[in-house]
Amino acid sequence: MHDMTAHAAAHHAPPQGFIRKYVFSVDHKVIGIQYTTLGLVSAFIGMALSWAMRIHLAWPTASIPLLGLLSPNGAPGGVPTPEYYLSLMTMHGTIMAFFLLTAAPMAGFGNFMLPIHAGAADMAFPRLNMASFWVTFVGFVLACATFFIPDGPPLSGWTAYAPLSAVGSVAGPGQGWGQNLWGLSIALFCVASLLGALNFIVTTIDLRTKGMTLSRLPLATWAWFINAWVSLLAFAVLLPTCLLLVLDRLGGTSFFIPGGLVVNDKVLPHSGGSPLLFQHLFWFFGHPEVYIIILPAFGIVAHVMPTFTRKPLVGGWKVITYAMAAIGGLSFVVWGHHMFVSGMSPYMAMVFSVPTLIITIPSVIAVLVFAFSLYGANIRFTTPMLFCLGFISLFISGGIGGFFLAQPAVDSYLHATSFVVGHFHFTMGLSAVFAAFAGFYYWFPKMWGRMMNETLGKVHFWLSFVLVYCVFMTLHLMGLTGSVRRYSEFVADFMVPLMPTNRFITVAALLLGATQFIFFYNLLWSRFKGPKAPDNPWQATTLEWDTTSPPPFDNFGGRQMTVYHGPMEYDGDAFVMQTSTEKSIAGT
Amino acid sequence: MSQSELTMSTGHEVVMEASPYHMEKKKLGMWIFIVSDACTFATFLFGYGYMRVGSLNWGTPFEFSSILNGIFMTFILLSSSLTMLAAVRATQTGQKASANKWLGFTMLLGTVFAILHLREWFKMFGEGWGLFSNPTGGAVQFGACFFSVTGLHLTHVVSGVIALAVIMRGYNQGRYDTSHVETAGLYWHFVDLVWMFVFPLTYLMNAAR
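Chains Y and A supply the protein sequences, listed in that same order.
Quick note: the first sequence uses this note's numbering, first residue 1, plus one each step.
Quick note: the second sequence uses this note's numbering, first residue 1, plus one each step.
Think of the hints as simulated: they come from the structure by calculation, not from any bench.
As the structure is a prediction and not an experimental result, all values here were calculated from the model.
Backbone N, C-alpha and C define an ideal beta-carbon position, used for all residues, glycine too.
A couple of the hints might just be wrong.
Claimed, not checked - Which bits of chain Y does chain A cover? Going by a derived footprint, with three or more residues having C-beta under 8 Å, they are:
| id | stretch |
| --- | --- |
| 1 | 223-236 |
| 2 | 251-264 |
Stated by the list, open to error - Straight-line C-alpha distance at most 30 Å; calculated DSS-like pairs for lysine-lysine:
| id | chain 1 | residue 1 | chain 2 | residue 2 |
| --- | --- | --- | --- | --- |
| 3 | A | Lys101 | Y | Lys21 |
| 4 | A | Lys27 | Y | Lys210 |
| 5 | Y | Lys210 | A | Lys101 |
| 6 | Y | Lys21 | Y | Lys458 |
| 7 | Y | Lys210 | Y | Lys318 |
| 8 | Y | Lys210 | A | Lys26 |
| 9 | Y | Lys311 | Y | Lys532 |
| 10 | Y | Lys583 | Y | Lys21 |
| 11 | A | Lys101 | A | Lys26 |
| 12 | Y | Lys21 | Y | Lys318 |
| 13 | Y | Lys583 | Y | Lys458 |
| 14 | A | Lys27 | A | Lys123 |
Full structure from sequences and hints, please.
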């Protein structure tokens with residue numbers, strides 16, 4: 001037995017003054033709220049960009065409000081050029097994938113909740129934590145700045161495929177300083193994510209309160225912990241990839257640019273590089289990245305659902321946790337399935353197809369755990385619970401498309417179509433967003449000390465749920481007919497008859513966007529006018545509900561938190577808090 | 001039950017679970033950083049391997065004098081790991097003068113390594129090597145790979161020397177203790193270990209034959 005008395009962690013005192021308290025704060029709760037707010041701002045910008053794209057696709061000659069003002073060259077008279085359409089697409093993907101989906105469910109909720117779940121007073125390295133938010137923020141500002149430079153935003157997609165991204169301004173508008181800023185922005189995002197992941201891992205391992213063994217950790221914290229490992233390894237690969245890309249662009253090397261390349265009638269002076277190398281490096285990060293986005297979603301749903309089904313998840317903490325760990329591990333060996341049609345050897349395609357089909361096993365186990373946990377439950381249909389159900393539905397619907405795309409032969413037909421757009425929006429986009437909404441409605445009382453309006457929440461859920469299916473299921477169907485993605489206008493003969501369907505999607509997408517204003521209104525109204533939240537409004541068991549709403553600076557007011565139970569001690573209306581000395585009622 | 005006690009801001013004693021690795025957070029954080037940094041180096045080395053395998057005229061330009069210089073650099077860097085070890089030992093037994101001496105040696109060896117490396121670089125620049133030029137007429141990727149891989153390593157060595165200087169100052173002022181020196185040592189040994197991959201892959205495999 002090891003008995004260690006350490007007085008090393010002399011924690012920081014509560015800060016005084018506005019700047020130290022709310023701006024450059026080292027408090028994990030403030031940083032969590034900062035990340036969440038950044039996520040909301042990113043969501044709004046990304047959504048607005050998607051409206052511009054959808055309007056242009058459905059009405060190619062329509063003038064889009066404000067777009068002409070934003071970029072007189074890219075959208076003369078408000079009608080985007082094909083290049084500017086690609087810029088909109090690139091920035092929609094970049095802002096949504098990095099600054100919303102990667103940042104909000106992990107760094108937003110995770111920063112706020114993980115130390116509290118573990119029973120710690122703060123993250124292991126509070127100043128590093130502050131640094132990671134502000135580095136992310138600078139990255140975000142740089143990404144947005146591309147809209148306002150003469151060059152415009154880059155047009156090589158959020159994947160920045162070389163050689164388009166590597167050859168410089170000769171490749172078109174946005175490929176000069178737009179792409180440089182993009183590279184810098186993402187490199188900064190990598191650094192911030194690495195610091196964040198390091199902090200999450202060390203906090204979970206070293207800062208658990210007495211009795212908080214790994215088997216008693218709340219499942220959201222398990223997901224953030226596993227996810228931090230995936231981030232740590234994946235972003236450590238994207239960072240040097242960005243550096244090599246910058247070397248190609250500014251240093252004159254040719255890692256990613258093949259010899260004899262002619263772009264816009266100019267022969268480039270490079271030789272011997274490989275665009276496939278870029279795709280291998282990018283997707284070695286990029287595939288774990290989609291799991292970096294979805295694992296926190298799994299965790300949030302696993303954390304929120306038992307509160308409202310009032311019983312433990314099927315299989316206890318083990319099945320879902322092992323499934324998440326298996327997904328995290330396998331996510332590193334499937335990247336090639338993004339490259340079936342990129343010119344990679346067909347034998348390699350088979351090599352990547354098999355693990356891709358294998359990774360569906362833990363994914364299916366995780367989702368079935370959620371679905372089977374509903375059986376026999378006396379469900380409380382609150383807004384967070386509805387969003388959890390929405391998550392299950394969307395993830396299954398999107399996941400089924402994955403079986404098609406995992407096979408090289410089928411993927412060859414579908415890869416460049418909107419089937420893929422529908423697929424990844426369901427699985428990593430909207431699933432993660434629905435889980436984030438579940439987390440938001442669930443934790444809002446703890447984060448801001450007020451309750452959100454349930455009626456508005458339910459209206460928000462049902463409208464979003466139906467409209468999401470209208471948009472993205474229809475995109476699946478359009479893809480099956482061969483409707484090509486990344487095109488700014490539907491000019492080919494076989495695509496013209498799809499125009500009415502296309503307009504249906506656009507109308508649904510605009511309505512879906514409008515629906516989100518119900519959420520924004522609810523958020524702002526509840527933040528200032530909502531009824532005061534009690535400490536434990538959902539009758540939940542974990543440590544965040546064992547302190548005031550919002551929690552004091554050191555989270556528990558100096559109380560000794562001692563944990564005796566797992567996080568899922570529910571039996572109908574009865575429940576046992578993790579810190580309670582009562583007997584277990586659910587045997588977890 | 002194994003526990004550790006932490007003093008919270010409020011002054012209350014709070015009992016925590018002990019670290020499963022019996023390791024305080026700074027040191028654990030450094031291990032996690034090393035895992036991540038290893039991936040970054042692996043990416044550069046993978047890119048180098050991909051370029052090398054994919055080119056028809058790679059060439060092996062390093063004459064015996066360069067290899068000898070590389071072996072000498074390897075010797076210097078490995079010795080610095082030994083002096084770092086002595087520095088950590090000295091702080092553990094509280095011998096301040098000895099710790100200063102060994103930390104000083106470590107920084108000196110690190111600096112000598114960097115100087116030797118830069119001398120090699122400038123010699124190559126003089127011969128016409130660059131990020132995008134190969135005076136022997138072989139693959140231009142050689143310079144790109146060589147300078148980026150060794151450049152990343154050199155950056156780590158130089159940052160390490162600076163970090164050691166900061167740690168040494170803090171240690172002498174009493175702000176830092178053994179654990180800080182030990183954590184810096186972890187980083188230093190990692191940088192040495194990486195060189196044991198970089199040296200064979202960039203020098204020995206490119207020796208003229």
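Checked hints:
no.: 1; hint: 223-236; in the structure: holds (count 4)
no.: 2; hint: 251-264; in the structure: holds (count 5)
no.: 3; hint: A:Lys101 <-> Y:Lys21; in the structure: 43 Å, violated
no.: 4; hint: A:Lys27 <-> Y:Lys210; in the structure: 21 Å, holds
no.: 5; hint: Y:Lys210 <-> A:Lys101; in the structure: 42 Å, violated
no.: 6; hint: Y:Lys21 <-> Y:Lys458; in the structure: 34 Å, violated
no.: 7; hint: Y:Lys210 <-> Y:Lys318; in the structure: 21 Å, holds
no.: 8; hint: Y:Lys210 <-> A:Lys26; in the structure: 20 Å, holds
no.: 9; hint: Y:Lys311 <-> Y:Lys532; in the structure: 27 Å, holds
no.: 10; hint: Y:Lys583 <-> Y:Lys21; in the structure: 41 Å, violated
no.: 11; hint: A:Lys101 <-> A:Lys26; in the structure: 24 Å, holds
no.: 12; hint: Y:Lys21 <-> Y:Lys318; in the structure: 39 Å, violated
no.: 13; hint: Y:Lys583 <-> Y:Lys458; in the structure: 36 Å, violated
no.: 14; hint: A:Lys27 <-> A:Lys123; in the structure: 39 Å, violated
Consistency with the previously given hints fails for numbers 3, 5, 6, 10, 12, 13 and 14, ordered from lowest to highest.
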